[in-house]
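Chains as they are written, first to last, in my numbering: chain V, 1 to 341; chain D, 1001 to 1051; chain P, 2001 to 2198.
Rather than coming from a laboratory, the hints here were simulated on the basis of the structure.
Don't take each hint at face value.
As the list claims (entries may be wrong) - If you only want the chain P side, here are some residues facing chain D, beta carbon under 10 Å, derived:
| id | residue |
| --- | --- |
| 1 | V2029 |
| 2 | W2031 |
| 3 | G2032 |
| 4 | Y2104 |
| 5 | S2112 |
| 6 | D2117 |
To be verified - Dumping the calculated SDA-like pairs for lysine to any residue here, alpha-carbon to alpha-carbon at most 25 Å:
| id | chain 1 | residue 1 | chain 2 | residue 2 |
| --- | --- | --- | --- | --- |
| 7 | V | K67 | V | W269 |
| 8 | V | K57 | P | I2014 |
| 9 | V | K53 | P | A2193 |
| 10 | P | K2084 | D | E1027 |
| 11 | P | K2115 | D | T1034 |
| 12 | V | K67 | D | S1036 |
| 13 | P | K2115 | D | G1041 |
In this text the structure is predicted, and so the values were computed from the model without any measurement.
Every residue, glycine too, gets a C-beta built ideally from N, C-alpha and C.
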Amino acid sequence: MPGSLSNFKFAGFKALLAAFALLLVFAQPAAAQLSFKPTAEAVQEDKLLNALKEGDKISGRISIPDKNAANLIQPAGRDWRDFHRSKLPWIGGVAILGMVALLALFMMVRGRIRVHKGFSGKTILRFASFERFTHWLTASCFIILALSGLNVSFGRTLILPLFGADAFAAMSAWAKLAHNYLAFPFMLGVAIMFLIWIKDNIPGRLDIEWIKQGGGLFSHGKHVPAKRFNAGQKGIFWIVVIGGALMSVSGWFLLFPYLPGNVTILQFWTVIHAVIAMLFIAAMLAHIYIGSIGMEGAFDAMGTGEVDLNWAKEHHALWVEEQQKKAGAPSDRTPHAVPAE
Amino acid sequence: MKSFVLALAFAILAAVSVAMVLNSYQEASWAAFTTSGARVGDPGNNLTGPT
Amino acid sequence: MARVKFLCDADRCIECNACVTACKNEHEVPWGINRRRVVTINDGKPGERSVSMACMHCTDAPCAAVCPVSCFYTTADGVVLHSKDLCIGCGYCFYACPFGAPQYPKVGNFGSRGKMDKCTYCAGGPEADSTPAEYAKYGANRLAEGKLPICAEMCSTKSLLAGDGAIIAEIYKERVMKRGYGSGMWGWKTAYADSPTG
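Isolated chain V, as found in the complex (with noise of 0.2 Å):
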């Protein structure tokens, strides 16, 4: 049939006449493009970058199933790097190692406190079994707690060159499990020390007159009246406990790190830890000082729970009073304290 050829192709022509119609629609946007910029709006990076409000992050949408992920930037960490390397090492330098130079200082200039009527011979209760237990658990966690987190700030600068990478890498990662693990004893203690001891820790007129007479630290032989804890103590218990307490929370969330599931919240209180432990170490110095070697008399609280008598009654006159009176006997005899268990 002659009409069905000529009618594909005119079929033929007809669709070559569609392409080139299509071809000029197509050839419209070229002149247009002057006037619409497609890439206007797009993401610069410089923008977004100055955008940034302190400790935020760039981030956008991921098809992984891990959120952090989805974070691009985080210029936090720079000056988390800072802070770490240069700003947390003079902290912790001034503070402990001031602390060192404050107590030799001390020790040189006022020598070691004397029961300044001698022994007695005769001894008091002052702390009962659970209570040195509860001490000694928090005490020797704190002592690994401390040294292995100062291993982590310090150890690659002072250790490290001594013993070579390897073995102290090998040592720092038993330090960091010993660190983890240890803070939940450590935990446990400053829990139950809280709960055996805040009574007698709470602050009262006794010790604004206590702090005025500087707790006759520099006054041989005038001993300031205290109860069963002078306001020093209270001082050590209560860093202990809100120190404690920081240390704990700070500690959780990083031994946990999903819970705050972000990294800038984490860089926060990797900061409280840090900078709460240098002084928290400081601090626990100054209080074994006194405990060990500054003051005689003092290491027996805890070592065996009796003290002199006249320690006793030089640093805690009013305590022995109440002790006394509570197991009815003359002070001329060794009373039976109630423990506080």
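Given chain V, work out where chains D and P should sit, using these hints.
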């Protein structure tokens, strides 16, 4: 002295127990990040070392 | 000596994840460890851009600075690598890294997260080059064979560039000139503060 030794023993015991408990909750990232869209069997331990 | 860098041209990236797949395949990276990932900014909105991000191998790397056991080192080419034998898995590098490069094999408590893993620029690690021991710990070592990282090699649009920093910066600048726009050299100011424009 006794309370000190007991305290040390208790601390070590507590630390070991905590270690065992926490490690039982430990998960390999391939197990933790399995989703309904991506169910993953053990992908081997290249780069991560033996578990 | 060339100082190698990564550059992701976000205006070319189509979020195909070929770079991610190539990396995963080349190094047998287990699920859950994301050496390289593609992040899409302003997804669904006009001007959305996708960026392929892995370790940027920074000059003055913050991860190296904060590591408590000093397990990082920078090669002569500028590649930042680390030793998994020394790594104690403390996580400090993750806090410091602006790009979230460090990855950990376990997710429970940080105490036993395992050794950190990250993009190695396909340059392996401290073990002997191209040995099975190196492969098991750090993945393939393409640089030792004179090849560039596989992610950039496999990029379908040539948006992810890897190689000498000066050369890829030049390539990118040419592109920006020719087409008239560019969303920036993502991460360069943060990673290469000494040479942020190549």
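Tested hints:
1. At a threshold of 10 Å, the smallest CB-CB gap from V2029/P to chain D is about 6 Å, leaving the interface hint in force.
2. A distance limit of 10 Å between C-beta atoms decides the matter here; for W2031/P the minimum to chain D is near 4 Å, and the interface restraint holds.
3. The beta carbon of G2032/P comes within 3 Å of a beta carbon in chain D, closer than 10 Å, and the hint placing it at the interface holds.
4. Interface hint status for Y2104/P: upheld, as the beta-carbon distance to the closest one in chain D is roughly 7 Å, under 10 Å.
5. Given the 10 Å rule on beta carbons, the hint for S2112/P holds: about 6 Å separates it from the nearest Cβ of chain D.
6. A distance limit of 10 Å between C-beta atoms decides the matter here; for D2117/P the minimum to chain D is near 5 Å, and the interface restraint holds.
7. For the hint pairing K67/V with W269/V, the CA-to-CA distance comes to about 20 Å; that is within 25 Å, so the pair holds.
8. The straight-line distance between the Cα atoms of K57/V and I2014/P is roughly 23 Å, inside the 25 Å bound, and the hint therefore holds.
9. Only pairs whose Cα atoms come within 25 Å are accepted, and K53/V paired with A2193/P is accepted, the gap being roughly 20 Å.
10. Distance restraint check for K2084/P and E1027/D: the Cα-Cα separation of roughly 20 Å lies within the 25 Å cut-off, and the hinted pair is therefore satisfied.
11. A C-alpha spacing of about 21 Å is found between K2115/P and T1034/D, which places the hinted pair at or below 25 Å, so the restraint holds.
12. Distance hint between K67/V and S1036/D is fulfilled; the C-alpha atoms sit about 16 Å from each other, no more than 25 Å.
13. For a cut-off of 25 Å, the pair hint linking K2115/P to G1041/D stands: about 21 Å separates their Cα positions.
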